[in-house]
Amino acid sequence: MATETLTLGKALNTGLRRALENDPKVIIMGEDVGKLGGVFRITDGLQKDFGDQRVIDTPLAESGIIGTAVGLAIRGYRPICEIQFDGFVYPAYDQIVSQVAKMHYRSGGRLSIPMVIRIPFGGGIGAVEHHSESPEAYFAHTAGLKVVTCSNPQDAYVMIQQAIASDDPIVFLEPKRRYWEKGQVDLDAPLSDAYPLHSARVVRPGTDVTVLAYGPMVRTCLEAATAAAEDGRELEVIDLRSLSPLDLTAAYESVKRTGRAVVVHEAPSNIGLGAELAARITEECFYSLESPVLRVTGFDIPYPAARVEEEFLPDLDRVLDAVDRTFGW
Amino acid sequence: MAKGDPGGTTRSRRAAPRSKKGAAGDPALVQLLTPEGERIDSATGPDGTEYRVDFTDEEYRGLYRDLVLVRKLDAEATALQRQGELGLWASLLGQEAAQVGSGRALRTQDMAFPTYREHGVLYCRGIDPIMPLGLFRGVDQGGWDPNEFKFNMYTIVIGAQTLHATGYAMGITIDGKTGTDDGEAAIAYFGDGATSQGDVNEAFVWASVFNAPLVFFCQNNQYAISEPLERQTRVPLYQRAAGFGFPGVRVDGNDVLATYAVTRTALDNARLGQGPSLIEAYTYRMGAHTTSDDPTRYRIASEVEAWQAKDPIARVKAFLEKQQIADAGFFAEVDEQARRESVHLRERVLEMPNPEPVTMFDHVYPNGSPLLDEQRAKFSRYMESFEGSAH
Ligand SMILES: Cc1ncc(C[n+]2csc(CCOP(=O)(O)OP(=O)(O)O)c2C)c(N)n1
Ligand SMILES: [Mg+2]
Numbered sequence: 021m022a023t024e025t026l027t028l029g030k031a032l033n034t035g036l037r038r039a040l041e042n043d044p045k046v047i048i049m050g051e052d053v054g055k056l057g058g059v060f061r062i063t064d065g066l067q068k069d070f071g072d073q074r075v076i077d078t079p080l081a082e083s084g085i086i087g088t089a090v091g092l093a094i095r096g097y098r099p100i101c102e103i104q105f106d107g108f109v110y111p112a113y114d115q116i117v118s119q120v121a122k123m124h125y126r127s128g129g130r131l132s133i134p135m136v137i138r139i140p141f142g143g144g145i146g147a148v149e150h151h152s153e154s155p156e157a158y159f160a161h162t163a164g165l166k167v168v169t170c171s172n173p174q175d176a177y178v179m180i181q182q183a184i185a186s187d188d189p190i191v192f193l194e195p196k197r198r199y200w201e202k203g204q205v206d207l208d209a210p211l212s213d214a215y216p217l218h219s220a221r222v223v224r225p226g227t228d229v230t231v232l233a234y235g236p237m238v239r240t241c242l243e244a245a246t247a248a249a250e251d252g253r254e255l256e257v258i259d260l261r262s263l264s265p266l267d268l269t270a271a272y273e274s275v276k277r278t279g280r281a282v283v284v285h286e287a288p289s290n291i292g293l294g295a296e297l298a299a300r301i302t303e304e305c306f307y308s309l310e311s312p313v314l315r316v317t318g319f320d321i322p323y324p325a326a327r328v329e330e331e332f333l334p335d336l337d338r339v340l341d342a343v344d345r346t347f348g349w
Numbered sequence: 012m013a014k015g016d017p018g019g020t021t022r023s024r025r026a027a028p029r030s031k032k033g034a035a036g037d038p039a040l041v042q043l044l045t046p047e048g049e050r051i052d053s054a055t056g057p058d059g060t061e062y063r064v065d066f067t068d069e070e071y072r073g074l075y076r077d078l079v080l081v082r083k084l085d086a087e088a089t090a091l092q093r094q095g096e097l098g099l100w101a102s103l104l105g106q107e108a109a110q111v112g113s114g115r116a117l118r119t120q121d122m123a124f125p126t127y128r129e130h131g132v133l134y135c136r137g138i139d140p141i142m143p144l145g146l147f148r149g150v151d152q153g154g155w156d157p158n159e160f161k162f163n164m165y166t167i168v169i170g171a172q173t174l175h176a177t178g179y180a181m182g183i184t185i186d187g188k189t190g191t192d193d194g195e196a197a198i199a200y201f202g203d204g205a206t207s208q209g210d211v212n213e214a215f216v217w218a219s220v221f222n223a224p225l226v227f228f229c230q231n232n233q234y235a236i237s238e239p240l241e242r243q244t245r246v247p248l249y250q251r252a253a254g255f256g257f258p259g260v261r262v263d264g265n266d267v268l269a270t271y272a273v274t275r276t277a278l279d280n281a282r283l284g285q286g287p288s289l290i291e292a293y294t295y296r297m298g299a300h301t302t303s304d305d306p307t308r309y310r311i312a313s314e315v316e317a318w319q320a321k322d323p324i325a326r327v328k329a330f331l332e333k334q335q336i337a338d339a340g341f342f343a344e345v346d347e348q349a350r351r352e353s354v355h356l357r358e359r360v361l362e363m364p365n366p367e368p369v370t371m372f373d374h375v376y377p378n379g380s381p382l383l384d385e386q387r388a389k390f391s392r393y394m395e396s397f398e399g400s401a402h
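Chains as they are written, first to last, in the working numbering: chain A, 21 to 349; chain B, 12 to 402.
The hints are simulated quantities; they were obtained by calculation from the structure and are not laboratory data. Hints may be right or wrong, so weigh each one.
Reference excerpt, derived from the structure (chain A facing chain B, CB under 8 Å, subset only) [claimed, not checked]:
no., residue
1, D52
2, L56
3, A81
4, G96
5, F108
6, P111
7, E149
8, D320
9, R327
10, V328
11, F332
12, D341
A virtual CB, placed ideally from N, CA and C, is assigned to each residue, including glycine.
All chains, please: the whole structure from these sequences, using the hints.
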């Protein structure tokens, strides 16, 4: 078994390479994905090895990227579209929501759009405006789209390949602040045996409070769990991985044991993922709950200036604060 | 330069090269000052418009001063970023003439809509160069009152501002502020990459259809991050205008005189009610896309060197020297002023305080919102709970 230590970014790069090798219909398109290898180097070296017909530097137009990818998909290709930053997906929003998401439905099931829309998302890198957004709710709210996000190199490597192999259009959110974090990646395990793409996973078992997170916040919550353990409190951390569809089997089971749940995401709280999670957990686990489901999120403001993003973003202390509050009911 | 009729037959036909006074090797390029510092009396645009400038010695020296200052302040910002004092910087190195030429062509009443790179235009508007640095330092959103300065906020989302400029220009028309010498006009800045965006093409359509008093000023610096011009277009960009029904012209963007002349004419035509036009300022991004970028991955040194020989400042200096418009004392004095202003800028950047975290809740809505009032209050209580602790 060949395991290697890779950064999350390199794991994605390796997963993309595998997909290009395994299926001639897979193509990558986006701004600066060729020679530059993308601004985060996630497609580094791929154009050199697979040519500019399969790794395509597109004109600077996001609606064009997604719209032409629809046409390529209709012709049998499996396009992987890179959106350079979260804040630049909106020019493509119409294509994604009105076209990509509905093609299968409108064709009465005759047509599939096996497209992956890769978006580096979230904050924490000290960037200027439009480079730190968390747009997951916009997509998760749209029927016909699936939305997933990875939190570690192993998942990144596997999930990107599963997303490419899927016949659904998938918005694949990459936690950009975690691109440089390293982890062990098993490069040889067959994809067919892999943990299912749309399943959540318990990443740390615990008995006192269930903490639900995804993408960049998983690490934050694991750190909170370590800190809580020192105080004698065991947090069970669940990495949701799939934001649409949500897999809450493990969450329900967990909350029924712990009686307490905290949901953590960077995106603002208002009408967000956390609200959906709280509602579903409340419905399913009502008689087990010792406290309301609490949300730890970004605030309902535009993403603020870099020098205050630390206060905007949920961190270990805010997670622990919410954990404490679940004991105050 | 008359507005092309929507049928697009008459004006665009004349786009055939008029080589007599154009730059050598590129007849379409309007140029009034060669890279060697030779003055060309007048140049003819593709639609037959004659371009010339008639500056006093004082004015020539003023343009030189602008160019040097703008470059120096930009270099200072790059240095500040390297030292960790700014999060990012988008340098204008190489594009000084395109920005000073067009910026100085604006009249007081004209309104500009910049991208994130128009520090030189900002300077020419008489705006304190510190203004955009809050955005790049990460201490604020970089905001100012666009109407106060007649200079919109920087726009990072590629192309979006061209529609804003178009709407603003439509407002000028509705207000009846065109048709006279002292009428108003607007100018929209954008890059070669931006020309691919839907927004920019929609702006072309709207400006044309509504005869908006607007100048589309495209700085073709040959790259959109790593992607060369050929990835955005198969025709010279200025020729795109014809298809939308207004005139287009390509100017040597490293020639401050020609850029001034072309922009002044386009703005004046706009303010007189003759509608929009497109200027393609042909230039080169000498530096990285931003301080985060590594251009060695996608372009070769010899290309950069070739453009180095067309430097926008060196040619003005050569001209001033040859014509004995300025002497060594003048050049030294300008350098000294540039040094002083950049030191002053640096000092003030270092003093820019970090914002109080609670201010992030300000200005989301003009009259506040109950949700945010509640979040702000909770946030304040939460922050206070740490006081005196190790945090
Ligand atoms: C809608 C959108 N997509 C992508 C980006 C990322 N981006 C920032 S600058 C840039 C290239 C812009 O090129 P160009 O228009 O030529 O302007 P230049 O930077 O060369 O001045 C890109 C792709 C963005 N800011 N906005
Ligand atoms: Mg450019």
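Hints, verified against the model:
1. For D52(A), the interface hint holds, since its Cβ comes within 8 Å of a Cβ in chain B; the closest pair sits about 5 Å apart.
2. For L56(A), the interface hint holds, since its Cβ comes within 8 Å of a Cβ in chain B; the closest pair sits about 4 Å apart.
3. With a least beta-carbon distance of about 4 Å to chain B, the hint placing A81(A) at the interface is held under the 8 Å criterion.
4. At its closest, the beta carbon of G96(A) sits 25 Å from a beta carbon of chain B; the interface hint therefore is violated under the 8 Å criterion.
5. Because the beta carbon of F108(A) sits about 7 Å from the nearest beta carbon in chain B, less than 8 Å, this interface hint is met.
6. Interface hint at P111(A): satisfied, since its Cβ lies 6 Å from the closest Cβ of chain B, which is below the 8 Å cut-off.
7. For the restraint placing E149(A) at the interface with chain B, the shortest Cβ-Cβ distance is roughly 6 Å, inside the 8 Å limit, so the hint holds.
8. Because the smallest distance between the Cβ of D320(A) and any Cβ of chain B comes to about 6 Å, under 8 Å, the interface hint for this residue holds.
9. Here the hint on R327(A) is kept, as its CB sits about 5 Å from the closest CB of chain B, short of 8 Å.
10. Below 8 Å, beta-carbon pairs count as interface contacts, and V328(A) has one with chain B at about 5 Å; its hint therefore holds.
11. The closest approach between the C-beta of F332(A) and any C-beta of chain B is roughly 6 Å, which is under the 8 Å cut-off, so the hint is satisfied.
12. At its closest, the beta carbon of D341(A) sits 7 Å from a beta carbon of chain B; the interface hint therefore holds under the 8 Å criterion.
In summary, the structure is inconsistent with hint 4 from the numbered list given earlier, while agreeing with all the others.
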